[in-house]
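Chains as they are written, first to last, in this note's numbering: chain A, 1 to 258; chain E, 259 to 514; chain B, 515 to 800.
Hints in this document: simulated from the structure, not taken from any laboratory. Glycine included, each C-beta is placed from N, C-alpha and C at the ideal position. It is possible that some hints are incorrect.
Computed from the model, here is a short list of chain B residues facing chain A with C-beta under 8 angstroms [to be verified]:
1) Val-551
2) Ser-578
3) Ile-581
4) Leu-619
5) Phe-644
6) Leu-670
7) Ala-711
8) Tyr-726
9) Ile-730
10) Ile-733
11) Ala-734
12) Pro-754
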Amino acid sequence: MKYFRKKRLGTALTVNFCIFLFIYGSKSLEVSWVEVFKRFANAADRFIIDYLPVDFSEFSRQSEQLINTVFLSIAGSATGVILGLLSALMISVKTSPNRFVKTIIRTTASICRNIPEGIWAIILLLCFWFGNFLAYLVMSIISYGFLTRVFADTIDETNSDAIEALEATGAGYWQIIIHGVLPETMPALISWSLYSIENNIRSATIVGMLAGGGIGYLMNIYKGFAQFPLMMSAILMVTILIIITDRVSTVIRRRIMS
Amino acid sequence: MTEQTVLRVENVDKIYKNGVKALSGVSFNVDNGEFVSVIGPSGSGKSTLLRCINRMIDASKGDIYFIGQSVNKADKHQIKEIRKNIGMIFQHYNLVYRLNALENVLHGKLGSYSTVQSALGLYTAKDVEKAIEILHMLGLEERVYEQCSNLSGGQKQRVGIARALIQGPKMILCDEPIASLDPQASKVIMEYLYDITRTFGIPCLVNLHQVEVAKSYSDRIIGLRNGEIVFSGKPGELTADMISHIYGVSSEELIS
Amino acid sequence: MNTYSESLQLNVGEIKIKKTKLGRYKLKKRDSKDKLVMVVIAAMFFSLIYYLGFEVDYKWDMFSPHIAKKIVMDFFRFDLVPADEKLGMLSRLTNTVLLGLLTTLLGAAVSFPLGLLAANNISSNKISTFVNAIVSFLRAVPTIVWVLIFVAGYGLSATTAIVGMTFHTIAFFVKSFSESFEEVDPGAIEALKASGASMPQIIFGAIVPSAYTKLISWIAMRTEINFAVAVVIGPAVGVPGTIGTAINVYSGHANYSAMGFGVMCVFLIALAFELIITRIKQTQII
Numbered sequence: 001m002k003y004f005r006k007k008r009l010g011t012a013l014t015v016n017f018c019i020f021l022f023i024y025g026s027k028s029l030e031v032s033w034v035e036v037f038k039r040f041a042n043a044a045d046r047f048i049i050d051y052l053p054v055d056f057s058e059f060s061r062q063s064e065q066l067i068n069t070v071f072l073s074i075a076g077s078a079t080g081v082i083l084g085l086l087s088a089l090m091i092s093v094k095t096s097p098n099r100f101v102k103t104i105i106r107t108t109a110s111i112c113r114n115i116p117e118g119i120w121a122i123i124l125l126l127c128f129w130f131g132n133f134l135a136y137l138v139m140s141i142i143s144y145g146f147l148t149r150v151f152a153d154t155i156d157e158t159n160s161d162a163i164e165a166l167e168a169t170g171a172g173y174w175q176i177i178i179h180g181v182l183p184e185t186m187p188a189l190i191s192w193s194l195y196s197i198e199n200n201i202r203s204a205t206i207v208g209m210l211a212g213g214g215i216g217y218l219m220n221i222y223k224g225f226a227q228f229p230l231m232m233s234a235i236l237m238v239t240i241l242i243i244i245t246d247r248v249s250t251v252i253r254r255r256i257m258s
Numbered sequence: 259m260t261e262q263t264v265l266r267v268e269n270v271d272k273i274y275k276n277g278v279k280a281l282s283g284v285s286f287n288v289d290n291g292e293f294v295s296v297i298g299p300s301g302s303g304k305s306t307l308l309r310c311i312n313r314m315i316d317a318s319k320g321d322i323y324f325i326g327q328s329v330n331k332a333d334k335h336q337i338k339e340i341r342k343n344i345g346m347i348f349q350h351y352n353l354v355y356r357l358n359a360l361e362n363v364l365h366g367k368l369g370s371y372s373t374v375q376s377a378l379g380l381y382t383a384k385d386v387e388k389a390i391e392i393l394h395m396l397g398l399e400e401r402v403y404e405q406c407s408n409l410s411g412g413q414k415q416r417v418g419i420a421r422a423l424i425q426g427p428k429m430i431l432c433d434e435p436i437a438s439l440d441p442q443a444s445k446v447i448m449e450y451l452y453d454i455t456r457t458f459g460i461p462c463l464v465n466l467h468q469v470e471v472a473k474s475y476s477d478r479i480i481g482l483r484n485g486e487i488v489f490s491g492k493p494g495e496l497t498a499d500m501i502s503h504i505y506g507v508s509s510e511e512l513i514s
Numbered sequence: 515m516n517t518y519s520e521s522l523q524l525n526v527g528e529i530k531i532k533k534t535k536l537g538r539y540k541l542k543k544r545d546s547k548d549k550l551v552m553v554v555i556a557a558m559f560f561s562l563i564y565y566l567g568f569e570v571d572y573k574w575d576m577f578s579p580h581i582a583k584k585i586v587m588d589f590f591r592f593d594l595v596p597a598d599e600k601l602g603m604l605s606r607l608t609n610t611v612l613l614g615l616l617t618t619l620l621g622a623a624v625s626f627p628l629g630l631l632a633a634n635n636i637s638s639n640k641i642s643t644f645v646n647a648i649v650s651f652l653r654a655v656p657t658i659v660w661v662l663i664f665v666a667g668y669g670l671s672a673t674t675a676i677v678g679m680t681f682h683t684i685a686f687f688v689k690s691f692s693e694s695f696e697e698v699d700p701g702a703i704e705a706l707k708a709s710g711a712s713m714p715q716i717i718f719g720a721i722v723p724s725a726y727t728k729l730i731s732w733i734a735m736r737t738e739i740n741f742a743v744a745v746v747i748g749p750a751v752g753v754p755g756t757i758g759t760a761i762n763v764y765s766g767h768a769n770y771s772a773m774g775f776g777v778m779c780v781f782l783i784a785l786a787f788e789l790i791i792t793r794i795k796q797t798q799i800i
């Protein structure tokens with residue numbers, strides 16, 4: 001009985017804490033939930049008035065920027081893959097050559113990963129020009145941070161038997177990586193790279209707004225000029241793009257991993 | 259030391275960083291064309307001993323000479339040369355399972371190629387022919403392009419043997435080559451290893467769990483217990499008393 | 515001594531082995547999987563080269579090394595930031611964390627029943643397909659877009675941010691919760707069913723306890739994501755009182771040490787979340 005009482009007490013405490021956090025948070029952020037529900041109908045109305053009917057008059061310009069977004073996301077990811085793979089090899093337990101290098105790379109990757117993309121855009125905007133290049137830098141940084149970590153985990157999780165065998169035949173460091181580590185981890189590495197492309201396409205809206213480049217940049221303009229029906233068409237296109245990339249990458253991943 | 263001595267191990271100690279003493283005062287020779295088995299309970303230092311010979315592990319004390327060259331004093335380049343001349347076969351085959359049999363066999367030749375050459379797959383025709391030849395000899399001619407993950411245990415181990423053979427080794431080290439195989443596949447593998455020693459005169463140093471297998475194939479048996487050699491002699495000299503001394507239990511309790 | 519290489523007679527002529535066009539021996543038979551991997555790699559390289567070569571305008575004359583230098587020099591000069599500004603920054607940081615937490619809590623509470631409806635081993639097939647279809651559409655709309663949409667109705671405030679962020683959070687949770695429910699051992703459900711338990715009893719007796727640790731780890735993961743979103747949503751849309759907005763303002767005023775202090779705060783919190791989540795995942799595996 002004691003066990004159940006303890007468990008019940010734990011659950012009660014957690015629930016109470018969550019409720020307290022919710023109330024305290026709402027107060028401190030000045031969120032009135034009554035207002036939220038009261039004005040929900042109003043918000044929906046405003047949405048319909050402002051955003052609809054959808055305006056597709058700039059379709060060709062939008063699709064151009066959408067394609068730009070796709071290339072931007074993949075290019076950022078590709079940079080992340082190249083640098084991330086090298087870094088992962090340096091920090092993985094099995095292939096790491098040096099402790100000092102390892103610490104530096106770990107820290108760099110952690111900084112790249114844990115500072116959100118929008119903040120990177122703000123910092124880099126101070127010294128670089130607004131536009132495609134800045135967006136590419138931001139995408140590369142967040143992809144690098146993410147991929148370095150998952151690549152290193154992937155390499156650490158692979159079976160190290162083959163590495164031992166190649167070492168025993170007199171193969172060099174890079175030969176062991178090229179002939180042992182890479183073939184064994186390739187499907188997982190590709191799968192993570194696809195995942196990073198998906199992430200980049202999701203982030204493209206924010207990155208475009210703050211750094212320029214792609215459909216996000218266009219949406220920022222629409223926002224500035226209050227052209228909401230045009231914004232709505234851009235939103236729809238981004239949504240469809242995200243759905244398509246999700247599907248494509250799921251299909252590819254399934255075929256590669258099978 | 260005679261012409262025939264390929265490997266000389268003198269007074270080798272190995273103490274791991276955590277203080278575990280894996281080997282103490284181990285000395286023995288291996289001659290050309292000799293099939294030597296090392297038996298002993300798990301944790302007796304068999305694997306450590308094998309790995310000290312090609313410097314996968316550094317011995318703490320003592321000397322190891324491979325064809326007259328010191329192994330434990332070798333520099334990086336010399337270690338590579340020594341490893342190129344020693345084939346190694348593993349309990350878990352240690353193949354790259356996403357590659358095919360041919361590619362895995364050719365891995366045995368990596369030490370002779372530059373990184374760029376091997377990365378582009380520019381193996382010489384002679385090496386590829388030799389790889390195919392060896393696979394043929396081991397009865398794997400139908401499996402040349404088969405991904406290794408699709409092979410059976412015995413076939414995987416034969417690919418492992420082929421990878422060791424293509425090195426043109428002066429000696430072969432086998433770490434529990436049949437411990438993960440069923441009896442039938444075990445027999446096939448042991449026959450191949452035995453044939454290789456007999457036909458080509460390559461000496462084999464084999465770690466074995468099964469005393470009976472060691473007895474029927476070896477020229478000489480070395481018994482290890484707690485990192486020390488407690489027996490060294492012909493299979494016929496290995497008495498039941500000796501076996502129980504090596505394993506620390508009476509031989510009836512051992513499932514061979 | 516009869517060495518191995520001498521004794522081996524090469525008679526490859528008898529063995530069938532294919533050659534490539536260049537006259538080399540073929541090492542590999544590429545299957546569709548290998549080809550797909552190569553296509554993906556090629557596509558990534560092509561995009562990189564195309565984007566950097568044709569889409570990007572390089573205006574290196576607009577690159578300002580002196581500003582870069584100044585940022586690096588001032589970034590860690592936290593002593594240049596007055597104490598009251600630091601305090602203000604910390605309160606905005608707290609607000610941002612709360613914004614993320616609140617959204618996560620609200621999203622989790624709403625998603626729990628929806629997740630049950632979406633799990634095909636609990637609800638009926640029709641309902642589960644229906645809920646999943648809606649949710650997968652909602653998930654495709656980026657969080658920032660939800661916030662933009664609600665700005666029209668609620669104005670620029672924390673309320674807008676919370677409502678907007680909650681939508682994406684719910685979409686995320688319904689999918690992950692329902693997947694966790696679906697992974698529950700059918701035997702455990704069957705056993706309770708056989709003993710005559712009602713549906714709520716099955717849910718709280720078998721499904722929730724079995725999926726509990728997974729739900730916790732999803733919630734932790736989303737807390738991390740929502741914190742990052744809460745930081746970024748400030749500068750992107752203009753939600754006042756969050757750390758992101760403050761960082762943006764300081765960067766506009768060229769107050770790099772205050773900006774650096776803010777970025778440092780964000781980094782430390784995000785790092786803390788990451789470490790906690792890694793910890794949760796590790797304990798789960800064991």
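How the hints compare with the structure:
{"no.": "1", "hint": "Val-551", "verdict": "holds (6 angstroms)"}
{"no.": "2", "hint": "Ser-578", "verdict": "holds (5 angstroms)"}
{"no.": "3", "hint": "Ile-581", "verdict": "holds (5 angstroms)"}
{"no.": "4", "hint": "Leu-619", "verdict": "holds (6 angstroms)"}
{"no.": "5", "hint": "Phe-644", "verdict": "violated (17 angstroms)"}
{"no.": "6", "hint": "Leu-670", "verdict": "violated (12 angstroms)"}
{"no.": "7", "hint": "Ala-711", "verdict": "violated (18 angstroms)"}
{"no.": "8", "hint": "Tyr-726", "verdict": "violated (10 angstroms)"}
{"no.": "9", "hint": "Ile-730", "verdict": "violated (10 angstroms)"}
{"no.": "10", "hint": "Ile-733", "verdict": "violated (10 angstroms)"}
{"no.": "11", "hint": "Ala-734", "verdict": "violated (14 angstroms)"}
{"no.": "12", "hint": "Pro-754", "verdict": "violated (10 angstroms)"}
When each numbered hint is compared with the structure, violations occur for hints 5, 6, 7, 8, 9, 10, 11 and 12.
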